[in-house]
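Below are the chains, spelled out letter by letter.
There are 2 protein chains.
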Amino acid sequence: MAKNLTPRAEDYSKWYNELVIKADLAENSGVRGCMVIKPYGYAIWERMQAELDRMFKETGHQNAYFPLFIPKSYFSKEASHVDGFAKECAVVTHYRLKNAEDGSGIVVDPEAKLEEELIVRPTSETIIWDTYRKWIQSYRDLPLLINQWANVVRWEMRTRLFLRTAEFLWQEGHTAHATKDEAVAEAEQMMNVYADFVENFMAIPVVKGTKTESERFAGALETYCIEALMQDGKALQAGTSHFLGQNFAKAFDVKFTSKEGKLDYVWATSWGVSTRLMGALVMTHSDDNGLVLPPNLAPDQLVIVPIYRNEEEFDGVDAIAKNLMKQLRSKGVRVKYDNRDTQKPGWKFNEYELKGVPLRIAIGPKDVEKGTVELARRDTFQKEFISHDKVVNTVESLLGEIQENLYKKAISHRIENTSEVTSYDEFKKVLDTKGGFILAHWDGTSATEEMVKNDTKATIRCIPLDGDTQPGTCIFTGKPSQRKVLFARAY
Amino acid sequence: MAKNLTPRAEDYSKWYNELVIKADLAENSGVRGCMVIKPYGYAIWERMQAELDRMFKETGHQNAYFPLFIPKSYFSKEASHVDGFAKECAVVTHYRLKNAEDGSGIVVDPEAKLEEELIVRPTSETIIWDTYRKWIQSYRDLPLLINQWANVVRWEMRTRLFLRTAEFLWQEGHTAHATKDEAVAEAEQMMNVYADFVENFMAIPVVKGTKTESERFAGALETYCIEALMQDGKALQAGTSHFLGQNFAKAFDVKFTSKEGKLDYVWATSWGVSTRLMGALVMTHSDDNGLVLPPNLAPDQLVIVPIYRNEEEFDGVDAIAKNLMKQLRSKGVRVKYDNRDTQKPGWKFNEYELKGVPLRIAIGPKDVEKGTVELARRDTFQKEFISHDKVVNTVESLLGEIQENLYKKAISHRIENTSEVTSYDEFKKVLDTKGGFILAHWDGTSATEEMVKNDTKATIRCIPLDGDTQPGTCIFTGKPSQRKVLFARAY
Numbered sequence: 001m002a003k004n005l006t007p008r009a010e011d012y013s014k015w016y017n018e019l020v021i022k023a024d025l026a027e028n029s030g031v032r033g034c035m036v037i038k039p040y041g042y043a044i045w046e047r048m049q050a051e052l053d054r055m056f057k058e059t060g061h062q063n064a065y066f067p068l069f070i071p072k073s074y075f076s077k078e079a080s081h082v083d084g085f086a087k088e089c090a091v092v093t094h095y096r097l098k099n100a101e102d103g104s105g106i107v108v109d110p111e112a113k114l115e116e117e118l119i120v121r122p123t124s125e126t127i128i129w130d131t132y133r134k135w136i137q138s139y140r141d142l143p144l145l146i147n148q149w150a151n152v153v154r155w156e157m158r159t160r161l162f163l164r165t166a167e168f169l170w171q172e173g174h175t176a177h178a179t180k181d182e183a184v185a186e187a188e189q190m191m192n193v194y195a196d197f198v199e200n201f202m203a204i205p206v207v208k209g210t211k212t213e214s215e216r217f218a219g220a221l222e223t224y225c226i227e228a229l230m231q232d233g234k235a236l237q238a239g240t241s242h243f244l245g246q247n248f249a250k251a252f253d254v255k256f257t258s259k260e261g262k263l264d265y266v267w268a269t270s271w272g273v274s275t276r277l278m279g280a281l282v283m284t285h286s287d288d289n290g291l292v293l294p295p296n297l298a299p300d301q302l303v304i305v306p307i308y309r310n311e312e313e314f315d316g317v318d319a320i321a322k323n324l325m326k327q328l329r330s331k332g333v334r335v336k337y338d339n340r341d342t343q344k345p346g347w348k349f350n351e352y353e354l355k356g357v358p359l360r361i362a363i364g365p366k367d368v369e370k371g372t373v374e375l376a377r378r379d380t381f382q383k384e385f386i387s388h389d390k391v392v393n394t395v396e397s398l399l400g401e402i403q404e405n406l407y408k409k410a411i412s413h414r415i416e417n418t419s420e421v422t423s424y425d426e427f428k429k430v431l432d433t434k435g436g437f438i439l440a441h442w443d444g445t446s447a448t449e450e451m452v453k454n455d456t457k458a459t460i461r462c463i464p465l466d467g468d469t470q471p472g473t474c475i476f477t478g479k480p481s482q483r484k485v486l487f488a489r490a491y
Numbered sequence: 001m002a003k004n005l006t007p008r009a010e011d012y013s014k015w016y017n018e019l020v021i022k023a024d025l026a027e028n029s030g031v032r033g034c035m036v037i038k039p040y041g042y043a044i045w046e047r048m049q050a051e052l053d054r055m056f057k058e059t060g061h062q063n064a065y066f067p068l069f070i071p072k073s074y075f076s077k078e079a080s081h082v083d084g085f086a087k088e089c090a091v092v093t094h095y096r097l098k099n100a101e102d103g104s105g106i107v108v109d110p111e112a113k114l115e116e117e118l119i120v121r122p123t124s125e126t127i128i129w130d131t132y133r134k135w136i137q138s139y140r141d142l143p144l145l146i147n148q149w150a151n152v153v154r155w156e157m158r159t160r161l162f163l164r165t166a167e168f169l170w171q172e173g174h175t176a177h178a179t180k181d182e183a184v185a186e187a188e189q190m191m192n193v194y195a196d197f198v199e200n201f202m203a204i205p206v207v208k209g210t211k212t213e214s215e216r217f218a219g220a221l222e223t224y225c226i227e228a229l230m231q232d233g234k235a236l237q238a239g240t241s242h243f244l245g246q247n248f249a250k251a252f253d254v255k256f257t258s259k260e261g262k263l264d265y266v267w268a269t270s271w272g273v274s275t276r277l278m279g280a281l282v283m284t285h286s287d288d289n290g291l292v293l294p295p296n297l298a299p300d301q302l303v304i305v306p307i308y309r310n311e312e313e314f315d316g317v318d319a320i321a322k323n324l325m326k327q328l329r330s331k332g333v334r335v336k337y338d339n340r341d342t343q344k345p346g347w348k349f350n351e352y353e354l355k356g357v358p359l360r361i362a363i364g365p366k367d368v369e370k371g372t373v374e375l376a377r378r379d380t381f382q383k384e385f386i387s388h389d390k391v392v393n394t395v396e397s398l399l400g401e402i403q404e405n406l407y408k409k410a411i412s413h414r415i416e417n418t419s420e421v422t423s424y425d426e427f428k429k430v431l432d433t434k435g436g437f438i439l440a441h442w443d444g445t446s447a448t449e450e451m452v453k454n455d456t457k458a459t460i461r462c463i464p465l466d467g468d469t470q471p472g473t474c475i476f477t478g479k480p481s482q483r484k485v486l487f488a489r490a491y
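Chains as they are written, first to last, in the numbering used here: chain A, 1 to 491; chain B, 1 to 491.
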C-alpha cells in the first residue's frame, strides 16, 4: 500500500492538498491564486465537460462565446449584482507596457490608460444581457438557450486548488424566456440535469434545494442548488441554477413582443458548475492511498502491468497483454498498457493506485503458464485470478459494479452523517462531534441564520425540495418554522 | 437567389463583414475589439476543435490548462519575446472596485493596487516555461507534449471579426525535447498536422514554408507556417509552428539530466491556430449568396424543408421527411428538419443558403404523389428530383463530392492567381492588377524585404518548402538569390 500521503484521519486538509498534487491533478502557479491544471486532472475535467455538454445539447442548448472583459459601467446596471462581485475582481486599466526610461525594465505606459476600466468576467450576466438586447425582439426569438464554456476570475484572498481559486474554468448557461413559468421550469430543469450528472456520472449523491435569501446569487430571485457531503463532514455546493426574474432584462432593457402584440421584459435564468467539481470528486471517493475514480470519469479505466525478469518472459507476457488490450478496447474500455522498462512493477502499482485507475491487470510468467491474469480493484483492493477468456466480461461488469459501489458508499456515508436535531444545544454538539448535514427547524429570517453562522460557522446549505416538510419551532429563537432546513459547515 | 449581401466584386471587405453578421457567425460586442461568437459560428468552431483535438491526441499530445495572467516580470525574461508582445497587451493593475465617495458610481479602489502588474496572456510561453522548470528534471520526463485550448488577448488597434480581434480563441501547443533534432521534427510535424487539417477538413489548399527572420515569432529560431490564398487575392496565414531552440529553457532555467548523466537545457516548440481560421473559411468558399460550408465543417449537412398548404398536405410531407431524417441520421448525416410554421419555404431556402448548409431537400405534395424529393446543392446550385429510395446513397456521395469540389475550386483559384515574375516592374504590375501569390527571387536580406513592403505593402509570406529551388537574382537588388520566395499582400 502507498504510504506517501498524510492519512485523512490525521489531517484531512493536508491529505487533500497532497493528493491533488501527487496524483498530478493540479498545482499552484507563479500567479497568486491561479492554478495549473495538469494533464491528468485536465483529462478528468474533459470527461466531465463532454458529458455535461452532451446533456446541455440534449436539452436544447447551444454553445456560444462572449467577451472576457466587461466594461465597468455594465456592472452598475444591476444593483445587487455589483455589490456581489465588485469587491473581488481583476481590473484592466492599461493596454500597453513600455521600457522604463531609467532602464529598470518594463513598466505600464501611463499614456495607454483605458477611458473606462474593464473587469475580467467573474460571471457573464451583464455582458450577455447587453448582447441579448440585440438578439431578442419577438416571442419567435424565445426561448434563447445558450451555454458558454469559459474561464472566470474572482479575486479570492484564501485559495485552495480546485475548491477556491482566483481563476477557474466553468460553464455558464444563460437563458431568456417569454414567461415566468418557463424560466422557473428551466432553472429547475438545469438543477435536475446537474443532480443527474453528479449522482450518476460522478457517483456523488446530492441534496436538491433552494438557497435562503442571504445565500442567493447576486441578482437572483431564487437559487436552486445541489449540495454534497464530503468525507470530513463538511458540505460542498456542487452546482447552482438561478431564476433571475426580469432583473437583468430590466437592467439591460431587453423586451420582446408577445404573440398578442404586447411588449414585455423577458424572464431569465443562469446556471453553472465549475472545476470545483474536481474537488468534490477527490473529497468524496478517495482514500489514504490516493485518488479513487468512478469508471465514468477515469481517463484510464484499466491499466495492464507486465511482470518479467528477462526478454523471453516479457515476450510471453506482452503477447497476452496486447491481445487483452485489443479485446477490451473493442468493447470501449479505456485501457492503458504500461510497458515502460524504466519503472518497476511495484512503482507502477503504487502510481496507478495514487491516480485512482479503477482496475489493474498484472500478468507475470506464471500467469502465462496457467492462462490467467491477476485482476485488482482500486475501490475495495479485492484481487482475483481469472482466465484469459473471462477477462472482457469480468472487466465490463466490474466497471459497472465499481461505479455503483462508489455511489452506495457515498450515500451510506451521507445517511450516517445526516442528523436531525430539535434543540440548539444538540445542534452545536452534533456539529462539534461528528459534523455532517444537520436538519433543523429555522424561523425563516436572515437574522437568525446570521447569528447561527457567527456562533457556529454552520450555514443553511439549502431548503430541501424533498423530505420532511412538517412545521415546527426554530431551534434558535423558538419561533414558528415552516419546515426543517439543511445546515452544515461548508467548503 | 439571396440578394441581401453586397456582392464581392463591388466591395469584398463589406461583403465579408455583412456575411459574418448575417450568417450568424459573430458580431461586435460592447467591448472594444472583442467579438461575440454566435451559436452558429461557435458550432463550426467546435467542429474544428474536435477534429484538431483528435489529431493532437493521435500524435501523442495531452491537454492541460495554465493561468490567464502572467506576471509582468516573466515577460522580460526572454528579450525578443517582450519586444514582440509588450506593446499590445491588457494590463491588470487592481483587484477591487468600490463605491465612489462622491456617489458617482463605482471606481477602482486605489488601495487594491497589485504589487506586480499582471498581463492577460497574449500567448503562454512564459508562464508555461516557468511551470516546466518544475516538471522536467530527467530525460525520462521528455518529450513533454502539451496543448492548451484557451482565450488570449492582444490589444489590436484595428480589429475585424475573426481576422483580428483583441480577444480570440485558440489552441497553443508547447513541447519540450531532449534534442534539437526532435524539437525541429515536432515543429515540422505540427505544421504538417495543420496543413492536413486545413486542406482535408476545411478544403482550403495551403503552401507550407518557413518565415523570414523579420516575420518570425518573437523568440523563435524558425517559424513554420501554412499560407492560404483568399478569393480577393490576399494571403492569410492559417497556422504557425515554431522551433524555439533553447531560448525559453534558458530564460526560465529548464534543464534536464540526459541518459548519459549530462545536464543540458531542453529544446522547445510552440504552435497554434485560432478562430482566425473562421475568417479563412468564409473568404475561401463563400459566395454572393452567403456562406458555403464544406460538409466536414457544417453543423447541419442537410436541411429538409416541407412545402404544404394545409394540414392534410403537411401530414403526407411530414411522414416522408421524418422517415428520411431517420435513415440519414442512422448513416451519421447531420440533418435538420425545419418544420416551423412561422416561416415560409422561400424564407427558409434563403436562410439556409445564407448559412451555407451543403444540401437541401424540399418535399411538396407533388413529391408525395410521385415518390420523389427535390435535392439541391449549395455549392453549385444544381437541383435534381430523386426517388425516396435513392436519397440516402445520393446524399452520402454528394457530401463527399461537395467536400472535394470545394477543394478543387480553391486550388484552381490559387493556381490561376499564383504568378512568377522576374522583374520588380512585373512584380508591381501583377500586384496591382490581379494580386495573388507571387513567386520571385529575393536576396535574403531583411532590408530588401522591408523596402519592398514599404513600397508595395506586399510581404514575404513564406520560403516554400516545396517547388522551384533554382537560384537566381533578386528582383529588387539584382543580388544573388537562393530560391524564389512567396510574396503577397496579406490579411
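Among the hints, a few may not be true.
Same chains, same names: a pair is fine if it fits in one copy or spans any two.
[To be verified] With a straight-line cut-off of 30 Å between C-alpha atoms, the simulated DSBU-like cross-links for lysine-lysine are:
(1) LYS234 / LYS428
(2) LYS180 / LYS434
(3) LYS113 / LYS77
(4) LYS479 / LYS255
(5) LYS22 / LYS255
(6) LYS255 / LYS453
(7) LYS409 / LYS479
(8) LYS98 / LYS113
(9) LYS322 / LYS259
(10) LYS255 / LYS344
(11) LYS134 / LYS344
Simulated from the structure, these hints should not be mistaken for laboratory data.
Going down the list of hints, with the structure as the test:
1. For a Cα distance limit of 30 Å, the shortest separation of LYS234 from LYS428 inside one copy, 14 Å, qualifies, whereas the shortest one across copies, 73 Å, does not.
2. In this assembly of identical chains, LYS180 and LYS434 lie within 30 Å of each other by CA distance neither inside one copy nor across copies; the values are 42 Å within and 59 Å between.
3. In this homomeric assembly, LYS113 and LYS77 come within 30 Å of each other (Cα to Cα) both inside a single copy, at 23 Å, and across copies, at 25 Å.
4. Proximity of LYS479 to LYS255 under the C-alpha cut-off of 30 Å is found in neither arrangement, the shortest distances being 43 Å within a copy and 68 Å between copies.
5. Proximity of LYS22 and LYS255 under a CA criterion of 30 Å is satisfied inter-copy only: 22 Å between copies versus 52 Å inside one chain copy.
6. In this homomeric assembly, LYS255 and LYS453 never come within 30 Å of each other (Cα to Cα): the closest approach is 40 Å inside a single copy and 51 Å across copies.
7. With identical chains, the CA atoms of LYS409 and LYS479 are never at most 30 Å apart, being 37 Å at best within one copy and 79 Å at best between copies.
8. In this assembly of identical chains, the alpha carbons of LYS98 and LYS113 lie at most 30 Å apart whether taken from the same copy (13 Å) or from different copies (19 Å).
9. When the C-alpha separation of LYS322 and LYS259 is checked against a cutoff of 30 Å, the pair qualifies only between copies, where the shortest distance is 28 Å, while the shortest distance within a copy is 64 Å.
10. Taking the closest pair of Cα atoms, LYS255 and LYS344 come within 30 Å of each other only across two copies (25 Å); inside a single copy the shortest separation is 67 Å, beyond that limit.
11. For the identical chains of this complex, LYS134 and LYS344 are inter-copy neighbours only, at 24 Å across copies versus 62 Å inside a copy, given an alpha-carbon limit of 30 Å.
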